[in-house]
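Use the sequences and the hints to build the structure in full.
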Amino acid sequence: MSLITTLARMEAVREGRAQPLTTVRHRHLSPRPLAFVPLTTAGEAGAPLGALVGTDRDAPRLLIVAQPRDRDLRFAFLAELAEEIQPYLDSYADEVDLEERKETDPETGKKVPVQVELCADAPQLLVPSTAGVAFVRLLGRSMRFRRTAEQDPETPFPAPARVPLLGRWLTHYGERSRVPGSCLLLSLTELLSRHWATGQSNLEDQHLGSLLAWIDPPEGAPGAEAALRAESERDGDGLLRCPPAGPSTDPAFDNKLLAPAMSRYDAARTEASQGVAGGAARLRLAETELRGLIASQLRPTWDALWHGVDLLRSLPEGARVADRWKRDRWSYTGHRDRVRAGEPPQPKLDDAVTAAQKLAARETAQAQLDAHEALDDPLVMAGRRLAGEAFAGEVTDVEMAWSDAKVPRPRPLVTIRTEDRPHLAERVKLHRVTADGRAQSGEFAGLADLDGADGADEADGDHGADVVEGPGDTDGLGDTDALSHAHGPGRALVVRLTGGMGRGKEPEPGTVPEKGDLVCWTLFEHAPRGGPELPDVESTPWTHGGPPDAAAPAQGPQPDPMTEEDHL
Amino acid sequence: MIGADPAAAAAHPGRARADEPFDPSAAAARATAAILHDTLHGADRGVVVDSPPGAGKSTLVVRAARELAAAGRPLMVVAQTNAQVDDLVDRLATADPDLPVGRLHSSDPHPYDPVLDGHESVRTSAKIADLAGLDIVVSTAAKWAHIKHVEPWRHAIVDEAYQMRSDALLAVAGLFERALFVGDPGQLDPFSVVGADQWAGLSYDPSASAVTTLLAHNPRLPQHRLPVSWRLPASAAPLVSHAFYPYTPFRSGTGHRERQLSFGVASDGSGPDRVLDEAAASGWGLLELPARRTPRTDPEAVAAVAQVVRRLLDRGAVAVSERSDEPQPVAADRIAVGTAHRDQAAAVRAALAGLGVSGVTVDTANRLQGREFDVTVVLHPLSGRPDATAFHLETGRLCVLASRHRQACVVVCRAGVAELLDEHPSTEPVQLGVTVKFPDGWEANHAVLAHLSEHRVSWQP
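In order, the protein sequence lines correspond to chains A and B. Residues in the first sequence are numbered consecutively from 2, following my numbering. Residues in the second sequence are numbered consecutively from 43, following my numbering.
Some clues are possibly wrong.
As the list claims (entries may be wrong) - In silico DSS-like links for lysine-lysine, alpha-carbon gap of 25 Å or less:
| no. | chain 1 | residue 1 | chain 2 | residue 2 |
| --- | --- | --- | --- | --- |
| 1 | B | K169 | A | K407 |
| 2 | A | K506 | A | K430 |
| 3 | A | K111 | B | K169 |
| 4 | A | K112 | B | K479 |
| 5 | B | K479 | A | K111 |
| 6 | B | K169 | B | K479 |
| 7 | B | K190 | A | K112 |
| 8 | B | K169 | A | K430 |
I should point out that these hints are in silico values taken from the structure, not numbers from a laboratory. The structure presented is a predicted model; accordingly, all values stated were derived computationally and were not measured.
Pasting the structure below:
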């Protein structure tokens with residue numbers, strides 16, 4: 002946790018309500034997201050109990066599994082879920098923009114521009130908590146390898162139509178959500194805790210109810226009290242007033258209400274199947290009762306989810322959010338194309354090359370997200386400045402200088418007075434965005450004399466400005482003794498501009514800051530490069546197991562053989 | 043535990059053959075000969091060498107590279123940082139001024155250490171084509187990963203292979219047919235800033251170390267280890283070996299008498315002076331401040347660290363070692379301060395500057411890896427903390443901090459770390475298929491603390 006977040010949390014404790022961590026919203030919110038609030042059955046891994054799903058906050062569709070141990074009912078639930086989600090996912094597939102992209106021509110090997118489709122918008126799934134994201138992945142995994150009767154007439158237990166397809170989409174969304182800054186599948190707890198700091202721990206922030214209680218406490222109540230109530234207040238029957246956001250249920254609800262209702266349902270079902278008079282009616286009654294019970298647990302979370310969406314919508318969107326959302330649109334379009342091309346479902350496990358590619362892409366995305374958030378938001382940038390990763394201040398002096406190259410390039414020295422304490426060493430690379438939004442690079446050139454300050458050596462004149470050269474180590478391990486001379490509240494740092502000034506001998510107008518300008522330099526890159534190209538899967542090297550076995554089935558390894566223990 | 047208690051064996055590695063005096067040079071020479079034999083004449087595609095701190099890893103790499111080149115087998119060398127590459131090229135060129143060595147570098151400004159320009163036989167370039175035909179080409183893994191469409195080298199040496207990530211090896215492994223992998227398994231593991239749990243347990247987990255992946259796919263590769271640390275003094279090797287390498291013990295190359303630290307000025311009785319005396323006498327010193335929960339940049343602890351360094355310089359420390367006949371003064375460039383976090387390092391630098399000290403290396407464990415000093419002063423990673431996270435418990439972090447010195451190590455710490463450890467047993471989830479690493483950080487921390495407590499100086503600043 003960064004220092005500024007710790008400070009915000011302490012302030013939240015003192016004020017009794019959450020404190021903003023940002024001034025803008027750093028994630029894209031679709032105008033028409035699909036909310037999905039699932040519940041699972043206790044003690045039965047991955048067995049759904051029910052869900053509220055839909056794009057209309059006032060009219061969610063309630064789906065339940067009246068007896069989760071009955072796999073036919075589970076399938077019926079998944080079929081209904083697919084009926085609800087798949088049309089939403091598909092509804093964005095056909096409205097496309099045309100984008101130009103460079104692709105390698107297989108014949109000439111040259112990069113040629115091609116026109117490709119990019120979906121104009123993409124569907125967005127919202128779940129209440131990170132556990133909900135994990136459940137989406139679990140559903141995806143359990144559904145995508147199922148076969149429908151249409152795909153395979155021989156399959157002994159055919160899955161309802163659309164179920165495998167939804168499984169592939171949920172897998173894609175679950176996998177995409179691991180990319181930092183991606184917005185196809187978001188959890189409200191993560192969204193809210195990115196934008197507000199509460200006075201409770203990160204663990205407690207995973208409870209949507211108590212998180213909201215801190216951010217938007219009911220009239221007059223201090224956040225801590227409201228959060229405690231949201232977490233643990235029970236009514237006269239011992240039931241939580243604010244049911245958990247799932248997908249796990251409250252044990253008291255399971256024991257006192259759900260279990261007896263399910264027993265009644267089972268009994269009625271047996272009666273109905275035996276043709277006992279009135280059995281069918283009792284079955285309907287029992288099912289209605291279960292629907293009511295499950296809805297009572299889901300609805301508060303559904304409302305909390307939309308309450309969170311409202312809070313987030315009240316923040317203006319960050320300037321670079323649309324850029325990142327475009328990547329999500331590419332991701333959606335890419336998967337749409339794979340499905341249309343009839344490719345098989347995603348494999349159970351990534352191969353070595355895919356895993357490395359995903360990790361590299363996510364690391365780049367993380368670095369980019371961190372940079373974007375700081376550039377979009379002065380409060381986030383303040384956190385980076387406090388951490389010594391950036392500094393801001395007023396330009397007090399600009400000295401023109403040129404490089405020693407045959408064709409001299411402009412290398413102006415800009416002195417900035419700042420109270421920040423960045424972790425600088427000689428020749429550390431610096432980055433900033435100019436007023437007109439262009440990237441500029443520079444390097445740290447040393448400390449300048451503050452007016453009236455003593456103790457720093459006089460410059461040797463080579464550089465024009467009053468630069469105190471630090472120790473000349475270039476290995477990046479350098480210590481910052483040069484910085485230690487100045488101890489006052491303000492210091493003057495000299496930055497040598499190295500780029501972003503055009504191609505000529507003289508910098509283009511407006512590219513060099515002027516005396517009196519306020520500038521902000523960062524030690525981190527703004528557009529981090531991706532990793533190197535990795536070998537093709539077919540040329541996986543011997544250190545990583547060699548090329549995949551061509552004889553191996555595309556569906557991955559066979560299931561483990563049955564053992565004695567399987568029947569314990 | 044399998045068989046005899048390895049920890050006991052590690053603590054007294056000499057006892058088993060007390061009748062036969064341990065000859066460190068001979069043991070090291072035997073290990074080196076076996077490694078070179080497997081590298082030059084073995085049938086396996088890879089050879090793995092585990093090296094404890096200061097065991098002559100760089101010397102081994104230089105020697106193996108020269109022998110391969112001498113045998114007419116051009117090779118590529120992969121290191122992890124530019125500083126490591128420059129150091130290696132400098133060593134190669136110094137060892138054999140006629141050896142044609144290529145330094146492949148990035149196209150950034152100031153891409154390599156200008157020292158290399160002083161070697162006539164070293165050619166530097168950002169393009170691999172310019173270096174074609176040279177006996178040895180050295181670069182970072184990151185730069186090698188961008189080299190495409192070249193005839194693969196028959197040989198490679200991968201240095202610091204335990205600090206290299208599996209995905210980095212994947213990117214370069216197509217460039218060579220066989221390789222010697224050298225590294226220190228006890229130092230900091232590679233890490234990723236994003237979660238990689240989804241691949242935990244896979245043999246090719248991209249966030250694991252290169253050696254882990256290599257051995258998972260090629261379990262029969264010959265594995266060697268260097269048995270002698272030439273850096274660590276006789277006072278430090280048993281502890282570091284016992285705490286961090288319980289199953290692969292090593293010895294120090296020097297005896298108890300061969301390294302000595304003394305001061306020209308007597309102690310003034312203050313905490314820093316007393317802990318320095320303790321460290322000079324025993325090789326270890328723990329300056330314990332009163333228990334307190336503090337921010338990371340604990341001002342009292344930082345001031346204490348700076349004070350110890352100041353006194354070390356003021357008291358005219360001189361070191362006796364096997365390197366020279368005369369006692370050598372311990373100057374600022376022979377002293378390092380190690381911390382866990384960058385802001386702590388920055389705070390220590392500022393405090394040292396405030397005391398008028400300059401030239402002392404102050405850095406985090408990550409950046410001190412592979413470096414060597416006479417005396418180190420360490421701000422304990424758990425000092426003043428309310429909790430013990432995986433980061434602070436990481437075995438490699440403490441191992442790096444506790445194994446940089448040739449003479450003595452002073453640890454500055456708040457009291458109560460033992461209790462803190464007991465309140466925070468490691469809680470990392472156990473992942474299927476992941477080899478459990480021994481020792482875990484919790485245990486290693488306790489082992490080091492238990493030893494340090496014998497050299498404790500309590501001090502109220």
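We went through each hint and held it up to the structure:
| no. | hint | result |
| --- | --- | --- |
| 1 | K169(B) with K407(A) | 22 Å, holds |
| 2 | K506(A) with K430(A) | 22 Å, holds |
| 3 | K111(A) with K169(B) | 21 Å, holds |
| 4 | K112(A) with K479(B) | 47 Å, violated |
| 5 | K479(B) with K111(A) | 48 Å, violated |
| 6 | K169(B) with K479(B) | 40 Å, violated |
| 7 | K190(B) with K112(A) | 17 Å, holds |
| 8 | K169(B) with K430(A) | 23 Å, holds |
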